[in-house]
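Engineer: Residues per chain are reported as follows:
2 protein chains.
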Amino acid sequence: MISRVLSADLPAHVGERVTIAGWLHRRRELKSVTFLILRDRSGLAQVVLPAGAVVPFGEETVLQIEGLVTSNAQAPGGAELTEPAITQLSGPAEPPPFDLYRPVLAASLPTILDHAPTTLRHPVLRSGFEVAAASVAGFRAALDGLGFTEVHTPKTVGSATESGANVFGLDYFGRPAYLAQSPQFYKQAMVGVFERVYEVGPAFRAEPSDTVRHLAEYTSLDAEFGFITDHFEVMAVLRQVIAGMAASVTERASSAMELLGARVPEVPAQIPHLHFTEALELISSATGEDVTGEPDLAPAHERWLCEWAEREHGSELLYVTGYPLASKPFYTHPDPARPGYSNGFDLLLRGTEIVTGGQRLHRHEDYVEALAARGEPTEPYAGYLQVFEHGMPPHGGWAIGMERWTALLTGAANVRQVTLFPRDLHRLSP
Amino acid sequence: MISRVLSADLPAHVGERVTIAGWLHRRRELKSVTFLILRDRSGLAQVVLPAGAVVPFGEETVLQIEGLVTSNAQAPGGAELTEPAITQLSGPAEPPPFDLYRPVLAASLPTILDHAPTTLRHPVLRSGFEVAAASVAGFRAALDGLGFTEVHTPKTVGSATESGANVFGLDYFGRPAYLAQSPQFYKQAMVGVFERVYEVGPAFRAEPSDTVRHLAEYTSLDAEFGFITDHFEVMAVLRQVIAGMAASVTERASSAMELLGARVPEVPAQIPHLHFTEALELISSATGEDVTGEPDLAPAHERWLCEWAEREHGSELLYVTGYPLASKPFYTHPDPARPGYSNGFDLLLRGTEIVTGGQRLHRHEDYVEALAARGEPTEPYAGYLQVFEHGMPPHGGWAIGMERWTALLTGAANVRQVTLFPRDLHRLSP
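So the sequences go chain by chain: A and Y. Every letter in the first sequence is one number past the one before it in my numbering, and letter 59, counting from 1, is 59. In my numbering, each residue's number is its place in the second sequence (first place is 1) plus 430.
DEER-style ranges, computed between Cβ atoms: (1) Glu281(A) / Asp574(Y): 44 to 50 Å; (2) Leu385(A) / Ala843(Y): 27 to 33 Å; (3) Ala300(A) / Asp574(Y): 39 to 45 Å.
Part of the chain A face toward chain Y, derived, beta carbon under 10 Å: (4) Thr61; (5) Pro208; (6) Pro422.
Okay, the calculated bits of chain A under chain Y, using three or more residues with CB under 8 Å as the criterion: (7) 17-30; (8) 119-132; (9) 145-154; (10) 173-181; (11) 188-196; (12) 376-387.
Just so you know, the hints here were simulated from the structure itself, not pulled from any lab data. We put the beta carbon where it would ideally sit given N, CA and C, even for glycine.
Bound conformation, chain A alone (with noise of 0.2 Å):
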């Protein structure tokens, strides 16, 4: 290994010589002094040349510097290096395409997109995958602690079940295959044998829209346990979830969350709920328009709820309960007390859904006859209804968009700017 310490640790090693190693953020030639600013993956060092010095670098060329720590107030972190000997262990070929080391980068979405391996090496685009990280580690411990098992399902499925249209269709050794829309028929069928299990994977959808908030590919955040009355113990556990999440942000990625200007939610210990006909009649009474009648919330009536909570309960989270069981997939769970509404919920942030969950059907006469009001044949859920032949517990679960999620908490108004390498209509590469 390059024994090297990394430039935020340099302020514990003034008066020894080190070397540090990393990208050449930014050349500064000076007056009375040249500065190299090197980036590596914990932060920036500033290395101190004399007046003068030819800098044969460009930036983003990889360089091992060895040097003296010196204590300088100005230097990021109080420490610099000087009396450098410099190894460069890469060219660029090129100049970048963009000044990496601005506070902004001045490029376009789709520019930035077309060059993510280079853009994504900018401090503040870089920031929001840390954040993903974070809230990805911070969901499966959540979880590990509460007894799921994690598992992993495949995304190549012989049938196109859930919904037919938006589905991509892929040759799988001669016969059509379709690619998974979500992990839902393999997470209920594992209830039946861990009881509780999680699944963090890719998800594909072919939508046709193009918005800020869908993409054809993202990272799904699914769990899905057994032995539940009904869909408010799913609401407490996801509630515990989302919890451990914005823990994890605040611990794994705060500086990230500062360079972004963003701030993590805070989870209130009791999310506030409403029914979606109480939803409908508080938008109705406030708005003066009669909105009782509709199948589903549009995305202008969650910003209007969003606001309510954080008026009314002083929460940027909300529950949104009850949805009619028409607008849900046909494993929705009926609720008992009321027709024609659902055992299903969302959960609402800063305005959007950003997960949806559920009790689903778990007796095998409730899914013939869930799908005979449908008027679909059972025939081509074959496969599906297999597994609630043998015995299955009331169950529940939930589905959270990862980059839907960190957009919502880094202010990202696009979730393309938090998805690594995104995929839509149009854009199938880097």
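Let chain A serve as the given structure and place chain Y on it in line with the hints.
Structural biologist: Leaving out everything else, chain Y in the frame of chain A:
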């Protein structure tokens, strides 16, 4: 939440009335007594009914049982439930296709896989997936501790550069696309951003061969990191990770390993290593067959070498280094001291290769030269090569196949036994 005690915790509640819940694992109707054995995620519980009691539930029915916890040395864990009041939470509409309570499931592998949602409930089959989950947790914990960042890279890609033959083609909004065979390009690009990254995700190989160790879709445990001097440093970090995975299995899945009659390998402080040419010489002089001209190791050679490592070094693990460049992908770094050989390595465990890794090229001009030496144009690799135009440190990494690792740990003869829902030439469901 159904307020319940897990079966493993019953002994702590002797003398109390509690509720347990789970699947009816077995009915035992004896002359003087009837037992119900209930299975939950923690194990088995014995429930005592009077002799001649009618049990109207078939195996795999989900039950909730309230009763008195009573000491009984003959019961699992030393306690059983008496005076039971039983609530049925599900049917089974159908009797299970197999007796899940028998120590070994009496069915062929294809039959087991066809009924996976049910057969995976068998405690022995389920155990393999507990070992897999513990291994992945150990993988992440080891790398988190070494400053690695977790990434999620796209699985739908615009070009099939790594090996065009065995790639799945996709209809991507009317354009051709492919399923990623590995995150190789993306993890290398991310070394330019985070220095040290890992990913746990699916990889897709349209392998037309049908063997006990190949899958069309598997879970790849990838890592890549920068600022190395050569592949021996990749091997040193990998040793720490393998040790972390083994320790995690011991910690989190020891009863699963016990049920499988399997043993966690000991990971020596230094895993022994052999150069590829030394390995061939050893085999040649031991077997009398001259294999020194071979371009790669055959499976029989790998088995022989592992026996040798066990005999000579007391190690179940062995590194083979320096494979011929011609047998390695174009991004493999050559051995500067030995023309024609590479800084690539394999890690063998119990006779089989479980990890492939090495140092990669990091200079743009070296990529151009390596492709020219293979007679390949650079044009299809333009996206890949872009990142090397802007400064990349010397770096390397590896990929571990999760299912193959789990099969070797648990002694599964076929990798499909430890794959939740395997995908191969013939199998695309359930």
